[in-house]
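Given the coordinates of chain X, work out where chain G should sit on it, guided by the hints.
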Amino acid sequence: MRLLGSILYDSVYHTTPILLCVLGGIFAYKAGVLNIALEGFMLSASFMSMLVAGLTGSVALGYAAAFASCLVLWLVFSYMGVTRRGNVIIIGLAINMLVPAIAGFVLQIMGTANLTLPWLNVGDMKVNLPLIRDIPVLGNMLSGHPVTTYLAFLMIPLMGVLMYRTRLGVYIRVVGENEDAARSLGLRTDRYKYLAVLIGALFAAFAGVNLSMERMALFTNNMTAGRGFIAIAAIYCGRGSPAGSAMYAIVFGVARALAVNLGLFAGPAASLIDIVPYVVMTLVLTMVSVVKRRNNRLRGFVGG
Amino acid sequence: MKKVLSLFIACLMVVGVFSVATAEAPKSLKIAVVCSAAGRNDNGYNQSAVEGAEAVAAELGAECNVVQPENGVPAALETLAEDGYNLIFNLEYDFDALIKGVGGAQPIAAQYPDTWFVVFNANPNVNDAGETIHKNVISVLFDVHEGSYLAGYLSVLVNENATALFGEGYQFTPPEQARALGFIGGTDSSGIKVFSYGFIEGANKAAAELGVTYDYYAKYDAGFGDPALGSTVAGTYYDNGANVVYGVAGSVGDGITAKAKEVGKLAIQVDANKDDQQPGYVLTSVLKNTNVPVTVLARAYADGSIATLGNLQTYNLASGATGITDLSEIGKAVVDTAKWEEIKAKVAAIAADIAGGAIKVVNAQVGETFDPAACPNIVIK
Chain X
1 MRLLGSILYD SVYHTTPILL CVLGGIFAYK AGVLNIALEG FMLSASFMSM
51 LVAGLTGSVA LGYAAAFASC LVLWLVFSYM GVTRRGNVII IGLAINMLVP
101 AIAGFVLQIM GTANLTLPWL NVGDMKVNLP LIRDIPVLGN MLSGHPVTTY
151 LAFLMIPLMG VLMYRTRLGV YIRVVGENED AARSLGLRTD RYKYLAVLIG
201 ALFAAFAGVN LSMERMALFT NNMTAGRGFI AIAAIYCGRG SPAGSAMYAI
251 VFGVARALAV NLGLFAGPAA SLIDIVPYVV MTLVLTMVSV VKRRNNRLRG
301 FVGG
Chain G
1 MKKVLSLFIA CLMVVGVFSV ATAEAPKSLK IAVVCSAAGR NDNGYNQSAV
51 EGAEAVAAEL GAECNVVQPE NGVPAALETL AEDGYNLIFN LEYDFDALIK
101 GVGGAQPIAA QYPDTWFVVF NANPNVNDAG ETIHKNVISV LFDVHEGSYL
151 AGYLSVLVNE NATALFGEGY QFTPPEQARA LGFIGGTDSS GIKVFSYGFI
201 EGANKAAAEL GVTYDYYAKY DAGFGDPALG STVAGTYYDN GANVVYGVAG
251 SVGDGITAKA KEVGKLAIQV DANKDDQQPG YVLTSVLKNT NVPVTVLARA
301 YADGSIATLG NLQTYNLASG ATGITDLSEI GKAVVDTAKW EEIKAKVAAI
351 AADIAGGAIK VVNAQVGETF DPAACPNIVI K
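Here the protein sequences line up with chains X and G, keeping their order. First residue of the first sequence: 1, per the working numbering; consecutive thereafter. First residue of the second sequence: 1, per the working numbering; consecutive thereafter.
Just so you know, these hints were derived from the structure itself, not from any lab. A virtual CB, placed ideally from N, CA and C, is assigned to each residue, including glycine. Check each hint, because a few of them may be wrong.
To give an idea of the chain X side of the interface with chain G (calculated C-beta under 7 Å), a few residues [to be verified]: (1) SER6; (2) ASP10; (3) GLY111; (4) VAL122; (5) MET216; (6) MET223; (7) VAL260; (8) ASN261; (9) LEU264.
So that you can see chain X by itself, here it is in the shape it has in the complex (with noise of 0.2 Å):
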């Protein structure tokens, strides 16, 4: 009983970066300039929240850092991929180079390795719900996490209807679907891109923060390990889709959690579960471009 409580907890607990990257990633995708750079837009906010909460002594300060690096990123990226037209994997590609660069160098000024709070007890960021935290099992899943994680858990539902009973999901969606024909609507099409890497901006911060301080009140460079990645192989899974993007991001989450709590049992075979995955994404992603490639055959579109 307690093992399953755990399992759920961590489930969650892992989900959580994933999830906001999914969910703020899905509005750039479909808007037709994906951003692989969430990885490093999410770096930056663990990196920038640790480091001014440390300098100041300021968790909110930490927070705010946080979202200022990502709009500062949010404009780079978005200058040169929107406004100049570059190549966004690219662009992508560099910020998710050079915010690893900065935090090292920094880092080596500081002549540190990594970054604490002596001062920041995590337990005091978990918000225990009251009553649902004494729901047997599931109280221990819903209950004691940062004020992030409930929010990103909330988001689901809140951006699927931005993206599809607001104007301005169907203008992002519009924009990526069919650039000209939104522009001879006479929609501002550049303005919708900005906007979407927006999103996902904001929502990356959140992610790095919870990532680094919520949780863990350490930063260590690179400790994203991939997360962006993963937040983007979810993203295509699901097809942008809100919750069937969300859905992958849980997946990832509980195999995660089930590797390390199993592991007492099933020592190291227990990270076999790791795989699980990246098995099925595989595999969604292979069926899903066979019934493409089918439904153009049987248009005639494709030749052969």
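Below, chain G alone, put in the same frame as chain X:
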């Protein structure tokens, strides 16, 4: 005009040859340290070597250069050797270009036969028959299993008295409820397991003395980069009654210490003295004091005995190159000082036994096998 020019060039060449000759005449010692990816300010492994090199260079009147390779270790080694550095320490785990040569190039060690190269944590300088390949390459190994043994021994003693030793703010699982230790390693290799086996043996020693049995949780494939993973894995160990978790997994270990602070228990760090990373929650660190071999080898070079030292050198507890920290940082959190002094004295006695050879610890690094049956007081899960 042509004549004047060629005369001029000829003069230049003579001067050039002459100046090279005078520069090489005294054959002075030039030490170089090539840092690993963690960088020179890592507060440990690299920093220790750099400080050792700078100190011994000052002592011997030698030149000293510290390099953080941006274009890869091989390029750094080649440039330094070309520049006349004659004792080069390579702290990165990157030997192929040095020993075997890559891309059809001659091995760097063979290109510069008069330069001494020192590599750490592995002995790549042997062929399949076990013979030394390059006479000018020295491999340095640390007997970290001995330091880990001390850490294991200390962990059990602390675990048994945890509630009495530490004051408010800790949430130890009382021994009567559960006795457990945890180990998290970066990769499933003998280089990592050597730590774990030493730790098990040390814990077994203390557990046998007390007549108790410990569960041992271990994960050997946590990687080196994801502290959040280390944090949650350590969380499961702490949840299952472990009060001490030992991490040998780079920044994954930083996640373990963060978790220790969160749950009010203890973690053990590795390589450098990281006791102050989360003050009061890092029990100790198992050390690799790289300054010791750096100093020994530089002095040996200076007095000309370096060629007689042997191409594989192991630095044990007695050399001071490995061991655990002086426990002063965690000591600040201890309230029962009498008990604490007693524990420290016991650990010191064990350290003396290991250094004196009375206790032999399994060294998986050199191919010794570990037999779990020899540790009946530890139940490996």
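Structure-based check of all given hints:
1. SER6: holds, 6 Å
2. ASP10: holds, 5 Å
3. GLY111: holds, 4 Å
4. VAL122: OK, holds: X/VAL122 within 7 Å of chain G, min 5 Å.
5. MET216: It holds, given that the least Cβ distance between X/MET216 and chain G is near 4 Å, below 7 Å.
6. MET223: With a closest approach of 5 Å, the X/MET223 hint holds.
7. VAL260: holds, 5 Å
8. ASN261: Result: holds, 5 Å to nearest chain G Cβ.
9. LEU264: Check passed: Cβ of X/LEU264 comes within 6 Å of chain G, closer than 7 Å.
The structure fails none of the hints (numbered hints given earlier).
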